[in-house]
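J.: Each chain is listed here by its residues.
2 protein chains.
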Amino acid sequence: MQTRSNAVRLRAVAIAIALAVLSTAWAFAAEAQSTEDRDVLFQVSTIGALLEGVYDGPVTFGELHRHGDFGLGTFNRLDGEMIGFGGDFYQINAQGVANRVPDRWQTPFAVVTFFDTDQSAVIDRVRTYDDLQQLIEKTLPTPNICYAIKVTGQFDYVKARSVPAQQRPYPKLVEAIKDQSVFEFRNVRGTLVGFWMPEYMKGVNVAGYHLHFLDEDRTSGGHLLECRVREAVVEIDYTRSFYMVLPEQADFDAADLRSDKEKELHRVEK
Amino acid sequence: MQTRSNAVRLRAVAIAIALAVLSTAWAFAAEAQSTEDRDVLFQVSTIGALLEGVYDGPVTFGELHRHGDFGLGTFNRLDGEMIGFGGDFYQINAQGVANRVPDRWQTPFAVVTFFDTDQSAVIDRVRTYDDLQQLIEKTLPTPNICYAIKVTGQFDYVKARSVPAQQRPYPKLVEAIKDQSVFEFRNVRGTLVGFWMPEYMKGVNVAGYHLHFLDEDRTSGGHLLECRVREAVVEIDYTRSFYMVLPEQADFDAADLRSDKEKELHRVEK
Chain A
98 MQTRSNAVRL RAVAIAIALA VLSTAWAFAA EAQSTEDRDV LFQVSTIGAL
148 LEGVYDGPVT FGELHRHGDF GLGTFNRLDG EMIGFGGDFY QINAQGVANR
198 VPDRWQTPFA VVTFFDTDQS AVIDRVRTYD DLQQLIEKTL PTPNICYAIK
248 VTGQFDYVKA RSVPAQQRPY PKLVEAIKDQ SVFEFRNVRG TLVGFWMPEY
298 MKGVNVAGYH LHFLDEDRTS GGHLLECRVR EAVVEIDYTR SFYMVLPEQA
348 DFDAADLRSD KEKELHRVEK
Chain B
98 MQTRSNAVRL RAVAIAIALA VLSTAWAFAA EAQSTEDRDV LFQVSTIGAL
148 LEGVYDGPVT FGELHRHGDF GLGTFNRLDG EMIGFGGDFY QINAQGVANR
198 VPDRWQTPFA VVTFFDTDQS AVIDRVRTYD DLQQLIEKTL PTPNICYAIK
248 VTGQFDYVKA RSVPAQQRPY PKLVEAIKDQ SVFEFRNVRG TLVGFWMPEY
298 MKGVNVAGYH LHFLDEDRTS GGHLLECRVR EAVVEIDYTR SFYMVLPEQA
348 DFDAADLRSD KEKELHRVEK
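Quick note, the sequences are listed as chains A and B, same order.
In this note's numbering, each number is its position in the first sequence, counted from 1, plus 97.
In this note's numbering, each number is its position in the second sequence, counted from 1, plus 97.
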C-alpha cells in the first residue's frame with residue numbers, strides 16, 4: 098500500500114508540474130497577444146516604396162491576421178484596394194467588387210491594428226470629406242500620436258476608387274493610378290476604415306487621413322475620395338506604438354526612397 | 098504487479114506530458130526572444146520631441162533591457178548621454194564620467210537593439226568622422242533600411258560631448274546644449290556605438306549617423322563629435338524592423354512636432 102500511495106503522490110506531483118508549466122505557456126501566449134499586438138499599429142514597408150512602384154511584398158494575409166483585424170493597404174501587383182474590417186480582409190478589385198482575401202495572398206504595403214474604441218461620437222449631416230476630417234481632427238487629444246478611425250453609418254454619397262493589377266516593369270504609383278476606376282455610391286450604409294498619422298510620420302506613411310470604404314453588405318467599396326455623411330458613429334483607437342517591417346527584397350532595397358514625395362502622394366491620395 | 102505497472106506507466110505519461118509542455122513554454126519564450134526582440138530596432142519617443150524639450154519619459158532601463166543590449170539615448174532631465182553596450186547601459190555625465198545605469202532610471206529618448214553582426218571589416222588610418230561615415234556608407238547593401246553600427250579599436254583622437262541635467266521649465270535642445278561639456282581623448286581604445294537611419298526616417302529619428310563613444314575601460318565617453326581611427330573593426334547589424342513607442346505623457350502630447358527640425362537637429366548633433 099505504501100508503494101502505491103507513493104506512486105499516486107508522484108503522479109499527482111507530475112500532473113501538478115504539467116499544469117503549472119501549461120499555465121506558464123498560456124501566460125506567454127496571452128502576453129504575446131496583449132502587449133505586442135493589440136495596441137500596435139503594424140505596417141508592412143513604407144508608402145514611399147509603394148509610390149516608387151515596389152508592388153510585390155513577401156508578407157501574407159495569413160501573417161497579417163496575427164497583427165491586426167482592422168486596416169488598409171493593397172496587394173501584390175497593386176491588385177486593388179485592401180480593407181481589414183471585423184477580422185476579415187477584403188480586396189476591392191478594379192471593378193469595385195469586394196472579395197474575401199485568401200490567407201496565402203501577399204501585400205507590398207499594409208497598415209493594421211486590433212481595433213479597440215478609445216472614444217466615439219455620433220455625427221450627422223457632414224457635407225464633405227474635408228468637413229469630416231476637420232470635425233474628427235478637433236476631437237483628437239493630441240496631434241502627436243497615431244489613430245485608427247472607423248466611421249460606421251448612412252452616407253448620402255461616397256466616391257471611391259480602385260486600381261487594376263500592374264505588369265512588370267512596374268510604373269510608379271502616380272502613373273499606375275491613371276488606370277484607376279472611380280465608383281459613386283448614393284444612399285449607402287457602410288464603414289470608413291483607416292488612420293490618421295502625425296506629420297512627422299510622413300516619411301513612412303501618409304500624414305493626416307487615409308481611409309478606405311466598405312459597404313454594409315461587404316460587396317463593394319474602395320479608397321475614399323469624397324463623401325457626404327447623413328448619420329454615423331465615429332470611433333477612434335489611440336495608438337502609441339508603431340511597428341514597421343521592411344521587406345527583405347531586391348525591389349525594396351533598390352528603390353529611390355530619398356526624394357521628398359509629398360506632391361506625388363497628394364496626387365495619388367486625393 | 099499489474100496495478101503497480103499501470104502506476105509506473107501513468108507516471109511516465111504524466112512526466113512525458115510535463116516535458117512536452119515545458120518544451121512548448123521554452124519554444125514560446127525562444128520565439129518571443131528571436132522574432133520580437135533581436136531583429137527589431139526599438140525606439141522610445143521621437144528625436145523631434147527631444148528637440149522640443151520633452152526630457153522626461155516613463156520607460157525604465159529595466160524595461161529597455163527587454164528590447165536590446167546595444168544602443169544610445171539619454172536620461173530623464175537630459176542627464177547625460179546614454180550608451181548601451183555588451184548588455185549594460187552607461188551614463189556619460191556632464192563631467193564625461195561613465196556610470197552603470199540603475200534599472201529604475203528612466204529615459205525620454207532611446208534607441209536599442211540586440212546586436213548581431215551581419216557584416217564586419219577591418220579599417221585603419223581613417224582621418225576624420227566624415228571619412229569614417231563615407232567609408233561605412235559605401236559598404237551598406239541598401240540606403241533603405243536601418244543599421245546598428247559598432248566600431249571597436251584604437252583611436253588617435255576622439256572628441257565627444259555630454260550635457261548636464263536640466264531644470265523645469267525645460268529649454269529646447271538647441272538651448273540646452275549651450276551648456277554641453279566637450280571631452281578630447283588621444284590614443285584611446287574604445288567603441289563607437291550607434292545607428293545609421295534612412296533619410297525617410299528623419300521625422301522620427303536622426304537620418305544618417307548617430308554615434309556615441311565609450312572607452313575600453315568603460316569609464317568615459319560621450320556623444321561623438323569627431324574622431325581619427327588608427328585601427329578598428331566595423332561591425333554592422335542589418336535591421337529591417339522598427340518598433341517605436343510614444344510616451345503616454347502630457348509633455349509629449351503638447352509638444353509642437355509639426356515643424357521641420359532639420360536645421361535644429363544639425364546644430365544639436367554636430
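Simulated from the structure, these hints should not be mistaken for lab results.
Please note that a few of the clues may not be correct.
Any copy, or any two copies together, can satisfy a pair, since identical chains are not distinguished.
As the list claims (entries may be wrong) - Simulated pairs of lysine-lysine, DSS-like, Cα-Cα distance not exceeding 27 Å:
no., residue 1, residue 2
1, Lys269, Lys299
2, Lys235, Lys247
3, Lys299, Lys367
4, Lys275, Lys235
5, Lys247, Lys269
6, Lys256, Lys235
7, Lys367, Lys275
8, Lys360, Lys299
9, Lys367, Lys269
10, Lys235, Lys360
All values derive from a computational prediction rather than experimental measurement.
J.: Next, verify each hint and record whether it holds.
T.: Cross-check of the supplied hints:
With identical chains, the CA atoms of lysine 269 and lysine 299 are at most 27 Å apart both within one copy (18 Å) and between copies (23 Å). In the homo-oligomer, the alpha carbons of lysine 235 and lysine 247 lie at most 27 Å apart inside one protomer (16 Å), although the nearest pairing across protomers, at 45 Å, exceeds that limit. Taking the closest pair of Cα atoms, lysine 299 and lysine 367 come within 27 Å of each other both inside a single copy (16 Å) and across two copies (25 Å). For the identical chains of this complex, lysine 275 and lysine 235 are neighbours neither inside a copy (34 Å) nor across copies (37 Å), given an alpha-carbon limit of 27 Å.
For a Cα distance limit of 27 Å, the shortest separation of lysine 247 from lysine 269 qualifies neither inside one copy, at 29 Å, nor across copies, at 36 Å. With identical chains, the CA atoms of lysine 256 and lysine 235 are at most 27 Å apart within one copy only, with a shortest distance of 24 Å there and 47 Å across copies. With identical chains, the CA atoms of lysine 367 and lysine 275 are at most 27 Å apart within one copy only, with a shortest distance of 13 Å there and 45 Å across copies. Taking CA atoms no more than 27 Å apart as the test, lysine 360 paired with lysine 299 passes in both settings, with 12 Å inside one copy and 18 Å between copies.
For the identical chains of this complex, lysine 367 and lysine 269 are intra-copy neighbours only, at 16 Å inside a copy versus 36 Å across copies, given an alpha-carbon limit of 27 Å. For the identical chains of this complex, lysine 235 and lysine 360 are intra-copy neighbours only, at 25 Å inside a copy versus 30 Å across copies, given an alpha-carbon limit of 27 Å.
Hint compliance for this structure: hints 4 and 5 are broken, all remaining hints hold.
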